[in-house]
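**Student:** Sequence:
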Amino acid sequence: MSILRGDLAQIKMGQYVILREDVVIRPTYTKTKQKGLKYVQLSIGDNVYIDKASIVCALKIGNNVHIGKNCIIGHRSILRDNCRILDGSILPPDTIVPPFTVYGGRPATYIGELPETIGVIHKDLTTNFYKNFQGVDPRRQGGGNQQQQQQPVSSSSQPQNTARALAEQERQN
-19 MSILRGDLAQ IKMGQYVILR EDVVIRPTYT KTKQKGLKYV QLSIGDNVYI
31 DKASIVCALK IGNNVHIGKN CIIGHRSILR DNCRILDGSI LPPDTIVPPF
81 TVYGGRPATY IGELPETIGV IHKDLTTNFY KNFQGVDPRR QGGGNQQQQQ
131 QPVSSSSQPQ NTARALAEQE RQN
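Position 6, counted from 1, in the sequence shown is what the numbering used here calls -14; the numbers after and before it change by one each time, with no gaps.
Note that these hints are calculated values from the structure, not bench results. Glycine included, every Cβ here is placed at the ideal spot set by N, Cα and C. Some clues are possibly wrong.
Pair ranges (Cβ atoms, derived) [what the hints assert, rightly or not]:
#1 Gly(-14) - Asp104: 21 to 31 angstroms
#2 Ile91 - Val4: 35 to 45 angstroms
#3 Val4 - Thr107: 39 to 49 angstroms
#4 Ser(-18) - Asn108: 28 to 38 angstroms
#5 Ile101 - Ile76: 17 to 27 angstroms
#6 Gly115 - Gly92: 13 to 23 angstroms
#7 Asp104 - Ile58: 39 to 49 angstroms
#8 Pro78 - Lys103: 35 to 45 angstroms
With these hints in hand, go ahead and build the complete structure from the sequences.
**Tutor:** Below is the structure:
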């Protein structure tokens, strides 16, 4: 289950923001002379994919950003458009990630550049994920066996086949 701490400060999200399992989104803070700490709004752009078990405390995340599995994005960090953070990376506080770059490591540093077409590729990834998303029918959560509880809600066979393909791909990762 993912956690969004909108009680600390406002979180604004664009279209096709994908949050995988166990993601924590928490607005960052600034230091003030009067009150000590003040939480500030977190802005997340369009077509952002945040993979499993990542913790995000950024100030701003641009459009077409991919944050890998098990990442920690430090306080007040800014991720510009069309960038990628590799799996397992820890981005230090106050880091600014430029557009079309890849960051990775512990602490995360510049690894390389992304092609100019990454925005289109990333938009396709997030919109297809969104269109093929299969929810769990809440009426089946009350009882029965595990297999019945995890039955996806579907109106046609094509989305089921796509969901199976996505599930198979997840198992391989």
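**Student:** For every hint, state whether the structure bears it out.
**Tutor:** We went through each hint and held it up to the structure:
1. The hint said 21 to 31 angstroms for the Cβ distance between Gly(-14) and Asp104, and at roughly 29 angstroms that hint holds.
2. In this structure the hint that Ile91 and Val4 lie 35 to 45 angstroms apart at CB is violated, the actual value being about 24 angstroms.
3. Taken as a hint, the range 39 to 49 angstroms is violated for the pair Val4 and Thr107, whose Cβ atoms sit roughly 25 angstroms apart.
4. In this structure the hint that Ser(-18) and Asn108 lie 28 to 38 angstroms apart at CB is violated, the actual value being about 20 angstroms.
5. Under the hint 17 to 27 angstroms, the C-beta atoms of Ile101 and Ile76, about 23 angstroms apart, fit the expected range.
6. Range check, Gly115 to Gly92: about 37 angstroms between beta-carbon atoms, so the 13 to 23 angstroms window is missed.
7. In this structure, Asp104 and Ile58 break the distance hint of 39 to 49 angstroms, their C-beta atoms being roughly 25 angstroms apart.
8. Between Pro78 and Lys103, the C-beta spacing of about 20 angstroms breaks the proposed range 35 to 45 angstroms.
Figure legend: structure checked against the earlier numbered hints; hints not met, in rising order: 2, 3, 4, 6, 7, 8.
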